[in-house]
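A.B. asks: Spelled out from the first residue to the last, the chains are:
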Amino acid sequence: MSQSAMSETYDFLFKFLVIGNAGTGKSCLLHQFIEKKFKDDSNHTIGVEFGSKIINVGGKYVKLQIWDTAGQERFRSVTRSYYRGAAGALLVYDITSRETYNALTNWLTDARMLASQNIVIILCGNKKDLDADREVTFLEASRFAQENELMFLETSALTGENVEEAFVQCARKILNKIESGELDPERMGSGIQYGDAALRQLRSPRRAQAQSAQECGC
Amino acid sequence: MAADVHKKKSWEVPNGSLAPGDGQHAERSESPTPGLAQGTEPGAGQEGAMFVHTRSYEDLTSPEDGAAAARSPEERRGEPAEQSSMEQISKDFSELSTQLTGMALDLDEEMRAGKEGKLEPSPQTARRDSVLSGKEEEDVTMDAWRSHRKHVFVLSEAGKPVYSRYGSEEALSSTMGVMMALVSFLEAEKNAIRSIHADGYKVVFVRRSPLVLVAVARTRQSEQEIAHELLYIYYQILSLLTWTQLNHIFQQKQNYDLRRLLAGSERITDNLLDLMAHDPSFLMGAVRCLPLAASVRDAVSSSLQQAKAKSLVFSILLSGNQLVSLVRKKDQFLHPIDLHLLFNLISSSSSFREGEAWTPICLPKFNSSGFFHAHISYLEQEMDLCLLLVSTDREDFFTVSDCKRRFQERLRRRGVQHALHEALRTPFYSVAQVGIPDLRHFIYKSKSSGLFTSPEIEAPYVQEEEKERLLGLYQYLHSRAHNSSRPLKNIYFTGPRENLLAWVTNAFELYVCYSPLGTKAGAINAVNKLMKWIRKEEDRLFILTPQTY
Ligand SMILES: Nc1nc2c(ncn2[C@@H]2O[C@H](COP(=O)(O)OP(=O)(O)O)[C@@H](O)[C@H]2O)c(=O)[nH]1
Ligand SMILES: [Mg+2]
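Note that the protein sequences, when read in sequence, are chains A and B. If you read the first sequence in the numbering used here, its first letter stands for residue 1, the second for the next number, and so on. If you read the second sequence in the numbering used here, its first letter stands for residue 1, the second for the next number, and so on.
Please keep in mind that the hints were generated in silico from the structure rather than gathered at the bench. None of the values given here were measured: they were computed from a predicted structure. Quick reminder that beta carbons are idealized off the backbone N, C-alpha and C, glycines included. Keep in mind that a hint or two might mislead.
As the list claims (entries may be wrong) - With a Cα cut of at most 27 angstroms, we get these calculated DSSO-like pairs of lysine-lysine:
| id | chain 1 | residue 1 | chain 2 | residue 2 |
| --- | --- | --- | --- | --- |
| 1 | B | K520 | B | K532 |
| 2 | A | K53 | B | K404 |
| 3 | A | K60 | A | K173 |
| 4 | A | K36 | B | K404 |
| 5 | B | K467 | B | K404 |
| 6 | B | K329 | B | K308 |
| 7 | A | K128 | A | K39 |
| 8 | A | K37 | B | K404 |
| 9 | B | K329 | A | K39 |
Said to hold, decoys possible - To give an idea of the chain A side of the interface with chain B (calculated C-beta under 8 angstroms), a few residues:
| id | residue |
| --- | --- |
| 10 | H31 |
| 11 | S42 |
| 12 | N43 |
| 13 | T45 |
| 14 | G47 |
| 15 | E49 |
| 16 | F50 |
| 17 | G51 |
| 18 | Q72 |
| 19 | E73 |
| 20 | R74 |
| 21 | V78 |
| 22 | N162 |
Please model the entire structure based on the sequences and the hints provided.
C.D. replies: And the structure:
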């Protein structure tokens, strides 16, 4: 899963966050996205887990740096500290559990309060494959998404349906915002960095700083 | 006697939290004698220890603050110098053995009775495997529940359930109420340990405000040892919350429901209880090393040492529950208990096997008031080699993650990966290597290094039950050897199925299991031979040259 940071080229790096109640399938979504496999022995996430992947969005290479968070209250303060630097987030509930759907407002409050104004959030109604046990209708959730200006998809980490799409759509929206000038990657805490490919044309001082920080202590 | 002076000195370190300093370089005797000074026994580090100086569980049962830890219990103060010769020891053994044979029979009977009374073949495995729904809730009225050999409950001082090993906390709240009544009845000092013995059960209470921990046990463990396990559970909870946060919460709200904050951690606590029933590390209060050629270990350690970062305090490489290498910041010592909690955290979750995890963790014996941030990852998916990088800075993920990359690169460059792979294929050694026919198994702990070694448990201890029985025998000997009112230094125990010997000095602890056919004289001879073997193999079985950044 971990790739050598040296050899990759990409145009942008986006920081992503996966949030939502414990048990909604966040870790499985991340695993499905990165490994293209369903992780069937998923344990509770402890703290945060990190994964990354480069995707192609409309001809641009975007490296997603994804933080999968633990849903438990104990880790709330840790999770909170990750909002600040996030460009995008997957907000996950479980379509077979109304409780996880009801918790969405709390998660949103946190996100709106702590993340940057411009964070792009996509709502994911996961476990789409368990339609027989559904407790939350598509319509209801899409209305909620509209009211709160979220993108929305129903996903299944089990079958892989809409998993890649969720990440890609979120990334595409961020790219659009950059192109329209609505989002400034240079702003502190935007959760966006230029990649090496983009760096050839544009020298970002922040990026250079980050690199020298990594070299210290050798 | 020089050894005596040195011993005193090292115990009286002001806060009890420093490794033995001088005297470490004293000659390492070829053939260890009973008078071996601490720091020269097989397994003692050559350049200082990497752990806080521990005294096994006496250290656990003493209050958290360092001041009290330095107060030396009677047994230590009154301990005569370890100058007894081999003859003296065999004399001691012969005096004791008569007395203990009687006890052995009695123990055996009880153990047999215990087994027959047990309804479930393996109480350890039948529970809580599903992840999502938490645990399969057991009906507390069921016989199965009653027949579990040890129940553990944690509750708040207000009587609210916090954790229960079997069955749901909810259904148990009435039981909890009764226990609370008992606790307030017993209430005296804040850190009191109390126990009630009834009907073949021991009920042990440990009070660590704002929590009360209770065990109801049918095992042959002593009260002290059960309390010791409860304290591990307490520290486990601290490692998730910190002492400061725990206290703050209950100061704000006395009847707070702590289960909210501990949600999802039941598995970690369950795992700890299972581990304690199987792994002698906890009993010994020490850490076992993966057997590894010294040259390979040194290469691993220096690779780890070079992959440092400013915020790193400990870099730990482990395999299963065995330590491969540990590098620490200068002047910072890890406590074996904290390392055990880290072992437990890792073994309780398979989620670390992929990707990189970054989690707050409190090391309660190191500092119970704050969180470290641990980077946890496996080196390769198929290899049982887990790297733990403990940092002080929550924001330092990428720097620490890069340390891992650098460590792996260095390992590759030094070409030790192959040797490491080989060592991982045989993570345990066979007792046959020692070459003593009657010898079945042993546990040897070097007190100054806080490390122990032990061969694989082999036939006739094949069944899970038999393994637990063997550990039970060690527990029994251990409790006899550490009995606070009457500690025994030499114990020879004869039973129908095996003979055992325990030998505790101020430098080491040795527990040996023999076939029942051998004689006491043979057993004592074997000890000498065994000690020589351990000395010969010590650079493979222990970490003799611990590194710092
Ligand atoms: N049927 C089904 N089960 C899923 C799906 N995603 C996750 N799960 C299951 O839901 C449980 C929790 O998943 P996990 O990823 O650990 O949840 P997290 O706590 O949000 O990270 C696990 O038992 C998964 O096997 C899905 O899309 N369909
Ligand atoms: Mg998870």
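A.B. asks: Would you mind marking each hint as holding or not holding in the structure?
C.D. replies: We went through each hint and held it up to the structure:
About 19 angstroms separates the Cα atoms of B:K520 and B:K532, which keeps this hinted pair within 27 angstroms; it holds. Simply put, A:K53 and B:K404 have alpha-carbon atoms about 19 angstroms apart, close enough for the 27 angstroms limit, and the pair holds. At roughly 13 angstroms between alpha-carbon atoms, A:K60 and A:K173 fall within 27 angstroms of each other, so this suggested pair holds. Pair hint A:K36 plus B:K404 holds up; C-alpha atoms about 25 angstroms apart against a cutoff of 27 angstroms.
Taking the CA atoms of B:K467 and B:K404, the gap is about 37 angstroms. The hint is violated against a cut of 27 angstroms. At roughly 10 angstroms between alpha-carbon atoms, B:K329 and B:K308 fall within 27 angstroms of each other, so this suggested pair holds. A distance of roughly 16 angstroms separates the Cα atoms of A:K128 and A:K39; the hinted pair therefore holds under the 27 angstroms criterion. Taken as a hint, the A:K37 and B:K404 pair is honoured in the structure, with Cα atoms around 25 angstroms apart against an allowance of 27 angstroms.
Annotation: proposed proximity of B:K329 to A:K39 is violated, straight-line Cα distance about 37 angstroms (limit 27 angstroms). Interface hint status for A:H31: upheld, as the beta-carbon distance to the closest one in chain B is roughly 7 angstroms, under 8 angstroms. Because the smallest distance between the Cβ of A:S42 and any Cβ of chain B comes to about 6 angstroms, under 8 angstroms, the interface hint for this residue holds. Hint on A:N43 holds. Least Cβ distance to chain B is approximately 4 angstroms, under the 8 angstroms limit.
A hinted interface residue such as A:T45 counts as satisfied when its beta carbon comes closer than 8 angstroms to some beta carbon of chain B; here the least separation is about 6 angstroms, so the hint holds. At about 2 angstroms, the closest approach between the beta carbon of A:G47 and any beta carbon in chain B falls short of 8 angstroms, and the interface hint on this residue holds. Interface hint status for A:E49: upheld, as the beta-carbon distance to the closest one in chain B is roughly 5 angstroms, under 8 angstroms. Because the beta carbon of A:F50 sits about 5 angstroms from the nearest beta carbon in chain B, less than 8 angstroms, this interface hint is met.
A hinted interface residue such as A:G51 counts as satisfied when its beta carbon comes closer than 8 angstroms to some beta carbon of chain B; here the least separation is about 5 angstroms, so the hint holds. Contact between A:Q72 and chain B, as hinted, is supported at the beta carbon level, the nearest pair being about 5 angstroms apart and thus within 8 angstroms. The closest approach between the C-beta of A:E73 and any C-beta of chain B is roughly 6 angstroms, which is under the 8 angstroms cut-off, so the hint is satisfied. Interface hint status for A:R74: upheld, as the beta-carbon distance to the closest one in chain B is roughly 5 angstroms, under 8 angstroms.
The interface hint given for A:V78 is met, as the beta carbon of that residue sits about 6 angstroms from the closest beta carbon of chain B, less than 8 angstroms. Violation of the interface hint for A:N162 is found here, the shortest Cβ-Cβ separation to chain B being roughly 21 angstroms, above the 8 angstroms cut-off.
Violated hints, listed in ascending order, are 5, 9 and 22; each of the other numbered hints is respected by the structure.
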